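Novice: Chain by chain, the residues:
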Amino acid sequence: MSDVLRARGLLKTYRRGRAVDGVDLSVRRGERVALLGPNGAGKTTTLLMCLGVVEPDGGTVEIAGHRLPRGRSAAMAHVGFAAGYLPLPERLRVGEYLRMFGQLYGLADPETQALRGLERFGVADLVKAMGTELSSGQKTLIGIVKSTMHDPELLVLDEPTASLDPDVAMRVRTGLAALCEERGTALLVTSHNMVEVERIAERVVFLSAGRVVADGPPLEVAARFGRDDLEEVFLHLASERQASEHTEGLRP
Amino acid sequence: MTAQGFESAAARGPVRVSRELAPWLRILAVARRHAYVLYRSPHRLFDVTVWPIVDTVLFGSLGVYFVSQGGPGSPAQAGVAYLLSGIVLWHVVYQAQIAVSTGFMEETWSRNLLSLMVTPLRELELVAGIALFGLAKLVMGVGVVALAAFGLYAFDVTNLGLALLPVIAILLLNGWAIALFVVGLILRFGNGAEAFAWGIMFVIMPLGGVFYPVEALPAIVRPISALLPTTHAFAAGRDLIDGGPVPWGELALAAIGTVAVIAAALAFVAWMLRLFRRRGYVTRYS
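Which chain is which? The protein sequence lines are A and B, in order.
Per the numbering used here, residue 988 is the first one in the first sequence, and the count goes up by one each step.
Per the numbering used here, residue 11 is the first one in the second sequence, and the count goes up by one each step.
Hints are computed from structural coordinates only; laboratory data are not their basis.
Since the structure is predicted, the reported quantities are computational estimates derived from the model, not experimental observations.
Beta carbons are placed, not taken as given, at the ideal position from N, Cα and C, and that holds for glycine.
Be aware that one or more of the hints could be misleading.
[What the hints assert, rightly or not] Part of the chain A face toward chain B, derived, beta carbon under 10 Å:
1. Leu-998
2. Ser-1060
3. Leu-1075
4. Met-1087
5. Thr-1099
6. Cys-1167
7. Pro-1204
8. Glu-1207
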């Protein structure tokens, strides 16, 4: 199966130090991958470099055969992105917002696809609501609808269910599973909810201090660290990171 | 669409426009988004209604007062027309600049920049979409000044004839070029640089020859004024007021300067955009 995302040797250094240190990350077509790691591990920087928003100091990124940064615009037609922390622009109704993004993705029928997406995630009644009238959970759902209405080959979600109650989170997982099943969409997701990751992802990539420290199916990765589940692996890596920061004098 | 039609369209999956049409669709999408912003924020009409009238009354009355101080043969007689044509033409630069600058800032205020950057939208398409809607605001703003000048002071700017069109085109391009500088500063310094959007116009206004020729300025700033393309465009406007022939010399100087200013603005914004991506400044807006 071919890769929809192929990143090789990604490097990024900010003033405070190296954020990403030689990360290789591939996602095959239709594959569901979780990018995990404690705070400051380099997850978001890696995602933003893969999306062409942040320029890497070194390494290459290719999406659906388009090399970044030159092929960014063409590549983004195959990608959807949503993040729990991104608001909906004010002064737009949900339908207007989705229509706008549908047109940005080159859709000839954005209204139809917006309705299809809203129905998939059970929020069709929100089409006329103003962005400011929505709860944070509804905003997240609309963000996910926006990022899936063009049937992307790769869907990138940064903390998609961070602000959702369990019921809505399940609706998101079900909707995403249906999308991946029906359309063969690949998923690259970051989350701090390890139970959720075990449900969604068939492969996990653990980052720590900007490096890939584990890559494989969730249970295999847990076993490799001698732990029972991903939650324990996460806690182990977070405590390791904290200990190394103490040693380096980065924390009091 | 019927329920059956919707279901079959949904099952088919999305239909995409051709590759040639896609950039135009994206530009229109951005323009429409900004039309909604104005429609739902009527206070933003202040820039294109109240402000132009205030300017017209201020400069028109100033001109009328000075005319009343001089005799019938006084050179001050032309002053009111210079001031009113100056303010009408100034609003071309002002509205073009402020529409693009605030349009871009709207994307930062609403933290929409990251969402836009992960779509196929190109940077120039974003600016083009904002500028396209900005043209509508410009027509409103300049129209209000022109109507106020006609209604309140019987000054008809259309009497200057078709020769006014190249002057307007040059001023429009200069407004967009200044906006690109402002966008570059916001990319580099964040929303703290917003003050430039309004402040820069108060620097350009006295130096840009809006109401008077270069010779009226203190000697020390005359070279700067002479370098600005707006100075020559406004000078061309005054030549037309005086009833002279089309001032090709001034227009040529203004056009050459405009090409240079636009090239510099594009280079500057491209440089700032590279820094923006390299330093990950997008996280300021997400």
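Novice: Against this structure, judge whether each hint is valid.
Specialist: Hint check:
Hint status for Leu-998 of chain A relative to chain B: violated, with the closest Cβ pair at about 12 Å, above 10 Å. The beta carbon of Ser-1060 of chain A comes within 5 Å of a beta carbon in chain B, closer than 10 Å, and the hint placing it at the interface holds. A distance limit of 10 Å between C-beta atoms decides the matter here; for Leu-1075 of chain A the minimum to chain B is near 8 Å, and the interface restraint holds. For the restraint placing Met-1087 of chain A at the interface with chain B, the shortest Cβ-Cβ distance is roughly 5 Å, inside the 10 Å limit, so the hint holds.
A hinted interface residue such as Thr-1099 of chain A counts as satisfied when its beta carbon comes closer than 10 Å to some beta carbon of chain B; here the least separation is about 5 Å, so the hint holds. Checking Cys-1167 of chain A against chain B: minimum C-beta separation of about 14 Å lies over 10 Å; hint violated. Checking Pro-1204 of chain A against chain B by beta carbon gives a least distance of about 28 Å; that is not within 10 Å, so the hint is violated. Look at Glu-1207 of chain A: its Cβ only gets to about 31 Å from chain B, farther than 10 Å, so that hint breaks.
Comparing the model with each numbered hint stated earlier shows that hints 1, 6, 7 and 8 do not hold.
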